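Taken in order, these protein sequences are the chains called A and B.
Each residue of the first sequence is one higher than the one before, starting from 283 at the first, in our numbering.
Each residue of the second sequence is one higher than the one before, starting from 283 at the first, in our numbering.
The hints are simulated quantities; they were obtained by calculation from the structure and are not laboratory data.
Just so you know, these numbers come straight off a predicted model, no measurement behind them.
By construction, the Cβ of each residue, glycine as well, lies at the ideal position given by its N, Cα and C atoms.
Just to be clear, a hint being listed does not mean it is correct.
Said to hold, decoys possible - Short derived list, chain B residues pointing at chain A, Cβ under 7 Å:
#	residue
1	Lys477
2	Asp478
3	Val536
4	Gly712
Said to hold, decoys possible - Reference excerpt, derived from the structure (chain A facing chain B, CB under 8 Å, subset only):
#	residue
5	Asp538
6	Ser582
7	Leu711
8	Gly712
Protein chains: 2
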Amino acid sequence: MTTTSSTTSFAASVLDPIRAIVGERGIITDPGTMQPFMESWRDGWVGRSPAVVLPDSAQALAAVVRICAETRTPIVPQGGNTGLTGASQPHADGSEIVLSTNRLNRIREIDLDNDTMTVEAGCILANIQNAARDVGRLFPMSLAAEGSCQIGGNIATNAGGVQVVRYGNMRNLVAGLEVVLPDGRIWDGLRGLRKDNAGYDMKQIFIGSEGTLGIVTAAVLKLSPLPRATATALVAVSSPSDAVDLLTRAKGKVGDRIITFELIQRFCIDIARRHVPDVPDPLNDVYPWYVLVELADQDSGERLAGMLEGILEAAMEAGEVLDGVVAASKAQADSLWRIREGIPEGQKREGVSYKHDVSVPISKVALFLDRANAALEREFPGIRPFSFGHLGDGNIHYNPIQGEDGDPAEWKARLGAVNAIVHDIVVDLGGSISAEHGIGRLRIDELPRYKSPVELDMMVALKMAFDPHNIMNPGKILRLNGNAR
Amino acid sequence: MTTTSSTTSFAASVLDPIRAIVGERGIITDPGTMQPFMESWRDGWVGRSPAVVLPDSAQALAAVVRICAETRTPIVPQGGNTGLTGASQPHADGSEIVLSTNRLNRIREIDLDNDTMTVEAGCILANIQNAARDVGRLFPMSLAAEGSCQIGGNIATNAGGVQVVRYGNMRNLVAGLEVVLPDGRIWDGLRGLRKDNAGYDMKQIFIGSEGTLGIVTAAVLKLSPLPRATATALVAVSSPSDAVDLLTRAKGKVGDRIITFELIQRFCIDIARRHVPDVPDPLNDVYPWYVLVELADQDSGERLAGMLEGILEAAMEAGEVLDGVVAASKAQADSLWRIREGIPEGQKREGVSYKHDVSVPISKVALFLDRANAALEREFPGIRPFSFGHLGDGNIHYNPIQGEDGDPAEWKARLGAVNAIVHDIVVDLGGSISAEHGIGRLRIDELPRYKSPVELDMMVALKMAFDPHNIMNPGKILRLNGNAR
């Protein structure tokens, strides 16, 4: 790609055959038009590419991959391009084509008695949620990017979100897959089954593999009954440890009616209120920690609210809960959610922050916060702890913010050191350095520090077995053979 | 193993080093004492082996595997030996050692706030259920062999059972694994996390791999809240199609409170009553089909029974349900379960039967039964349809019984032909030829007929990546390179 002749040869051997398959509508080579596909919406990943290819069928996509396989042209699969780890943008050297699923956007089938929906990879998550709701079902995957992320990317990253405590990760919501393999063959695994032990469950390897083993082109999704009612509360607690006790209490009383259980540090609310309009201060007094809890059920809203109130009253008597409010209306519930949703936006405007998407066993969350806060405050005086997230599944967005004083550039330079301190503690407590966002390029150099040689070897063995020429999203998750990718 | 000198050399190079690791208590070579490890409790699988090895730790088990890897000695991993597909017994040529997890039977840890339990592979399923119940939790895996099957085998076969409609398969209940790989290294993946996207989720490949990729030595299991109440009913319906309508109705009304939804053909009840004591005829009249439905919840038993009655009344008004009984006591519920549980035993005594463990999309169950029954009756007049199973997850035990007349030996010889007719229809409807039992040896020669070349290639690639010398449970699930194993 560095000389005119190699560019010509690349065009003749790769781009022209691809153009013959996808047509002029299916390929973009104009730099300006390509730009949105080259960069991430956050975190500054920017790359270059000779072409963005947008096939309109799995067959066309497979034919494109075959050309890439024959010519050893590396591919970056891309869905809604909303990821947070640099996995869906090309590298800066411009050697990779971007293969977009934007035009694979049909809902192929809804099977009501089977509670499944067959969708193509480019369907927007929110459209899938709405299509399910239109037929009286729930597709429970829900996350901030749902208006633009695509289901193929949700599957490739095993997306999480705010309802994992009840419905599990994306892995749990997939019954079947259609995948284009790195050699360009199509695997039709679009089975809508709850039980299938006929050989290895091959779909599992593609879920969460960040496009490094193949490209998901369609999926059979599992639908759930649509809850008839929800009940929402925001309560104050004096510590994360009390929040865990409240969670354990609530699970015992209402089990899987808990669809959301979010822990929020007071400082997060302050920051959201400082920078984002209409974020309320929910209670009359100020408390150190809060929990946003939501229940959902087929039973009546009154019954559900009564159960929630019962739990909170008992928790207040036991001293776990200091104060709280149960939403009396949809508007009031939305207002409580506004607090939670305002946090990431507020944080962005407050200065340098150190983002971590970590999980530990729920029983270790309080200990993790204590240890990480103490270690960082010791090392970087003035750093401000900032923690919120999905306590119900042990996933904390632990995002401390720079001190009020000091040079932002200096604070920025500390990112790697902060990550190392936090991640060392996480792994020491049996946790994960990436709970839901994946590894991509963001954590690729940290992974070898936190995975055993045995586990890394297994990951490499899997990659080599399915993509021996390393053309599928190279340099994401793993570097092979000590190479840059 | 065929000459004295090779036997001597095998003893010196393999058995003596193994004995040095596990001690005399950890190795059995006496044929009589080995016999229970050589044969299946049902279906007649019998093999031979030079030794049964019973390590008492993952470390010792790994050391044994290292010796086998170095000497290319094939291994049959064995748990409770309750499988139904010949996966856990050695082949007849006596070349494989049996590696038993019987002595890996400790519960290592229970983490109440994290709702997890860390167990060794040899723990009996019922002991795990009881240990969970003792601390106020539910471990929801439940199946007929629970009194003797081991959790390692449940994981290796991705066990199903009667509560999958609510809690999922074994895969859904595993948070982390410890596995000894075919080269004898130990992978410590014992993480108790609900969210972990730090690289490929390697535990997924071992779950359901029937011991062909490695040996599970321990697992972190997910626990659930213990339901406070259950409600059980047996209802009569005129067709499987009406049973599906009832299921859809019930899911809409009570969602995941449904823990069991079993379809039962009338003839199954007749056969159970003919051969098994104390199986009641549940209703005053005789109906063609029945459904055993059970709900469980944290709410009160009265509330739950009221919900169940409400569903059944509405279903009767809609004509989906013809008659039914809601159990008024634990004893009455047990008596209804006695019907379901008496079926396999009754069937065994009625003559030759053709067992199938198939699944189709729930929406296709009625069509499957119609087509399969018609095809078999056309081909084998007099054959008696006999169907029951887990309608809630599309898994039907479709086990037609020989005609009342004819030579049993002739009926027996038709097994392959019956399997082919049934499985062709299953796969044509998007189903699986093994819903929960696995492939083992029973279905190994059928798998290539029903899996695409692409899928078979992927399975072989995975096997070769992890067990290139094919020492781990060879000749189960797959034959490699056209070899017998």
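We went through each hint and held it up to the structure:
| no. | hint | result |
| --- | --- | --- |
| 1 | Lys477 | holds, 4 Å |
| 2 | Asp478 | holds, 4 Å |
| 3 | Val536 | holds, 5 Å |
| 4 | Gly712 | holds, 6 Å |
| 5 | Asp538 | holds, 6 Å |
| 6 | Ser582 | violated, 11 Å |
| 7 | Leu711 | violated, 10 Å |
| 8 | Gly712 | holds, 6 Å |
The structure shown violates the earlier hints numbered 6 and 7.
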